[in-house]
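> Starting from the structure of chain A, add chain B where the hints point.
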Amino acid sequence: MHSGEKNPLYSYFVSWSEKDREFVARFLELPELSGLAPTIPAAIAEAKTALAAWLKAARERGFEIPEPSMQAPCMILDARFAGKEPMISDIPEEIVQAKTKNQTISASKSVELENSHSVQP
Amino acid sequence: MPRVLIATLCDDVREEVHGKHSIMGVFNQFNISDFRNPVNSFWIFARIEFEQDGEYSIGFQLRAVEGQPVLFNVDGGISLQSKNTSEIRPVGDIKVRVDGLRFPRHGIYELAILFDNNILQTIPIQVFVPQTPYVQ
Chain A
1 MHSGEKNPLY
11 SYFVSWSEKD
21 REFVARFLEL
31 PELSGLAPTI
41 PAAIAEAKTA
51 LAAWLKAARE
61 RGFEIPEPSM
71 QAPCMILDAR
81 FAGKEPMISD
91 IPEEIVQAKT
101 KNQTISASKS
111 VELENSHSVQ
121 P
Chain B
1001 MPRVLIATLC
1011 DDVREEVHGK
1021 HSIMGVFNQF
1031 NISDFRNPVN
1041 SFWIFARIEF
1051 EQDGEYSIGF
1061 QLRAVEGQPV
1071 LFNVDGGISL
1081 QSKNTSEIRP
1091 VGDIKVRVDG
1101 LRFPRHGIYE
1111 LAILFDNNIL
1121 QTIPIQVFVP
1131 QTPYVQ
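Here the protein sequences line up with chains A and B, keeping their order. Numbering-wise (the numbering used here), the first sequence opens with residue 1 and increments by one. Numbering-wise (the numbering used here), the second sequence opens with residue 1001 and increments by one.
Excised from the complex, chain A in its bound form (with noise of 0.2 angstroms):
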C-alpha cells in the first residue's frame, strides 16, 4: 500500500488508570493499542502516535487492519476521574467537526412527540 493511504478513523475509549495514575486513551477497534499521559488529550495524542506505528507495521507486513467498527469515529470517556466539567478541547478534532457539522439543520427542526417517554432531540 502507498503512503498516502488514509488511516482509518477508529473510535477512543479514554479512562483513568489508578496504577499509572495517568489517562489510558484506547481505540475500540485495536484495544492493545493506548497511550498514557496526564491529560486526556496527550493522551489521545499518544494513541494516535502508536496507531501510525501500527498501522506502517501492519501494511508493511500484510496484517489485517480492522474497519472502523462506526460509520465515524466516536469517544466514550470514563468520566469519573476527568473533572466536574469534561472540556470540549478534551474530544478530537474529527470528532468535533462532525458534531457541527449539520448542526443548523436539525437545531431547527422542532417536533411534537407522539408519546411521553423522555428523549434527547
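Derived from the structure by calculation, the hints contain no laboratory data. Bear in mind that the values here come from a model prediction, so they are computed numbers and not experimental data. Beta carbons are placed, not taken as given, at the ideal position from N, Cα and C, and that holds for glycine. Be careful, since some hints might not be right.
[Claimed, not checked] Derived coverage of chain B by chain A (criterion: at least 3 residues anywhere in the stretch with Cβ under 8 angstroms from a Cβ of chain A; other residues may be distant):
#, stretch
1, 1019-1030
2, 1034-1047
3, 1095-1101
4, 1107-1117
[As the list claims (entries may be wrong)] Below, a sample of chain A positions facing chain B; criterion: calculated Cβ distance under 10 angstroms:
#, residue
5, Ser-11
6, Phe-13
7, Trp-54
8, Gln-71
Quick look at chain B alone, frame taken from chain A:
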C-alpha cells in the same frame, strides 16, 4: 453478584459535594432526523452495589436488539474501598460520557451493563425518526 441500583442515560452528570451526583435530563429515546449526524453528547450513569470492597471490571455494550452489530463495547475498572465498616454493601458510581455517536438506523437498541461477561442489566433505547408534522 453485583446489583445495579441505578442505570440511565442522561444529558449531564454533575459532581456535588460529599460525593453526591446530580443527574440531569434523563431519557431513553433518541429522535434523529438525519442519521449522518452524531447525536448530542450524552452520559451513562450507573450506581452498582457490590458484595465487598475490591477491584472490579464493569463493561458497557451498546447494541441493536434485532441482529445488528454492536456499536461499542468498553470495559472500565472500578475500585471500592469503604470508609466505614457498616453492614451496608459498598456501592460504586460509574459515569461515562459519549461524544460523536452515530446510530446507523432507527430501531430498538439496548445498553447492556456487564460483569464477568454476565449481563447485570440492560437499558432499552429507542431510536426513531420524527414524523413530519401534519399541516392543514
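> Does each hint hold? Answer for all of them.
Results of checking the hints against the structure:
Residues of the stretch 1019-1030 of chain B lying with their CB closer than 8 angstroms to a CB of chain A number 6, which satisfies the three-residue condition for coverage. Taking a C-beta to C-beta cut-off of 8 angstroms, the stretch 1034-1047 of chain B contributes 9 residues in contact with chain A, enough for the three needed, and the coverage statement holds. Chain A is given as covering the stretch 1095-1101 of chain B, and this holds because 7 residues of the stretch bring a CB closer than 8 angstroms to a CB of that chain, at least three being needed. Figure legend: the stretch 1107-1117 of chain B, annotated as covered by chain A; annotation inconsistent (0 residues with Cβ-Cβ distances under 8 angstroms, at least 3 required).
The interface hint given for A/Ser-11 is met, as the beta carbon of that residue sits about 7 angstroms from the closest beta carbon of chain B, less than 10 angstroms. A distance limit of 10 angstroms between C-beta atoms decides the matter here; for A/Phe-13 the minimum to chain B is near 5 angstroms, and the interface restraint holds. Given hint, A/Trp-54 at the interface with chain B, is violated; its Cβ is 20 angstroms from that chain's nearest Cβ, farther than 10 angstroms. Checking A/Gln-71 against chain B: minimum C-beta separation of about 5 angstroms stays under 10 angstroms; hint holds.
In this structure, the hints that do not hold are numbers 4 and 7, in rising order.
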